[in-house]
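Participant: Chain residues, written in single-letter form:
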Amino acid sequence: MSPWRAPVRYLALLTRQLRTSALLTAQYRADFLIDGVISVFWAATAVVPLFVVYGRGRDTGIPGWTFGESLLVTGWFVLLQGVLDGAINPGLQAVVDHIRKGTLDFVLLKPADAQFLVSTARFQLWRVVSLVNAGVVIGFAFHEIGHGPSLLGVAEAAALLAVATLMLYSLWILIVSAAFLVVKVDNLTYLFSSIFDAARWPGGVFRGGLRLVFTFVVPLIVMTTYPAEALLGRLAPTSLAWSLLGAAAFAGFARTVWLGSISRYTSAGG
Amino acid sequence: MRGWRAIPTMLRVGLAEAVAYRAEMIVWVLATTMPLIMLVVWTAIAEVAPVQGLQGTWSSKRFVAYFLSVFIVRQLISAWAAWQINYEVRQGVLSMRLLRPIHPVISYLVENVAYMPSRLFITVPIAVVLVLSGGAEHLSHRPLIWVAWLVSLLGGWLVAFFANCAIGALSLFIDSSVKVMDVWLAGFFVFSGYLFPVDLFPPWLRVISEWLPFRSQIGLPVELMTGAHDDGELWGLLARQWGWAAFFMALTFFLWDRGIRRFQAFGG
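Protein chains in written order, with my numbering: chain A, 7 to 276; chain B, 121 to 388.
Derived by calculation from the structure, the hints in this document are not laboratory data. All of these numbers come straight from a predicted model, not from anything done at the bench. Be aware that a few hints might be false.
[As the list claims (entries may be wrong)] Below, a sample of chain B positions facing chain A; criterion: calculated Cβ distance under 8 Å:
id	residue
1	ALA151
2	VAL303
3	PHE309
4	GLU330
5	LEU332
Here a beta-carbon is modelled for each residue, glycine too, at the ideal position from N, C-alpha and C.
Using the sequences plus the hints, can you model the full thing?
Facilitator: See below:
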């Protein structure tokens, strides 16, 4: 048997799942317009707080961060919010529903990895609009800063985008695993995005215990502040290395917890 | 109206539900810790140099008092009827509510009120922290203001609750109004005083916020607590808040009575 058989099969499965999502979204075309308008609105409300914080001048706000630099963090936040709402949250909602209704059985019975199936079950493809919003905010940020990023900075930021996506996804798996224990948790999506909201601020404002929590437990600082620092050319290479290692460890941990949870799953309801 | 006699029982049922789903409540409280994040952000800024607002300067201690008050008020004015109504309309379970001899909006209201006592388990400790952390000097010391605060808290909750119901009732016309609620929430975050005191708004933002209902929910009760208003402007602000409450109440019943005729109880 060729060693490439499993990856090829899962790639084919992913394409199939993506096509289903595309068909589903194409069915609700009016949503595109509404979602687009709403995501522009959300991006605007993410930027407005910065205007209040920096109301007195471009350099008097968050200590150690100018207006443009803070805006860069916010831009990265808008980008990750798009990833979260487009690729991660819809699936989360679906699994929580499955667990409550007992229909997760049908997923578990399928001859493919259950984690893969639930993770790729649903994508909100319209959320691509968020990426455009993020591009505008980041562009505006660099306009404020006055010079563009270095090539190395862009490469580091791209690596950190992968790190952040993997971490968000692992956190999501951990939260879903909690849904196996406490069944009535409809609000998990809401909880997830509201904790994530703290990521719009540069990590420098958090100190002491909160800084530790946001670096190691819910690594918001790694997700938005590190990429901004990388683009500004002031991220230590060791931080990047640790982030990569941390993301891998996080993903491994989430996988272990997930496997433990489904082994204890005793179909409810249906 | 025989139905009204059912209210004490409904309150008891709601209370029991709140106790049964206490894990869910912890999730909700964790989801509303934004004021505490903002507290951290603003104190970090104020430690470098006090922030100049329109009415006096903001030291880090004043920010602590403000945002702890925001957290308390946010807990006490919670309303979630919009999501509940959307869910019940989509699943068809609203039909159960329609069979009862009590107006559905009233039953949502009673359920919402029944969840309030359990919220005190969170707000009372935070209030103690607020007073002990030296925030007391930034709180109002006048009994009249605290009476007005209670009135504004009730008013703020009425605005929040009936805005929720009005948006929820929209789902009877457009299948799902969850997205309308998202827009409402975005406005709420920016204009209510939830992320920053209205006192620090740039002028253009302040003008917009004067014409929107959001400040009535959080801003006004918190500003009263922290002694930002004198007796003169107090009554005008309260009148405006209760005006919004009356507006959303009227809108709710208008939309509900029109919309319920279209309801077909699919699903349930």
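Participant: Do the numbers back the hint for PHE309(B), that is, is its least Cβ distance to chain A under 8 Å?
Facilitator: It holds, given that the least Cβ distance between PHE309(B) and chain A is near 6 Å, below 8 Å.
Participant: Using 8 Å as the Cβ threshold, decide whether GLU330(B) counts as touching chain A.
Facilitator: violated, 16 Å
Participant: Once the shortest beta carbon distance from VAL303(B) to chain A is found, is it less than 8 Å?
Facilitator: Result: holds, 6 Å to nearest chain A Cβ.
Participant: With a cut-off of 8 Å on the beta carbons, see whether ALA151(B) makes it to chain A.
Facilitator: Result: holds, 4 Å to nearest chain A Cβ.
Participant: For the hint on LEU332(B), does the least C-beta distance to chain A fall short of 8 Å?
Facilitator: Violated, about 13 Å.
Hints 4 and 5 from the list above are not met by this structure, while the remaining hints are.
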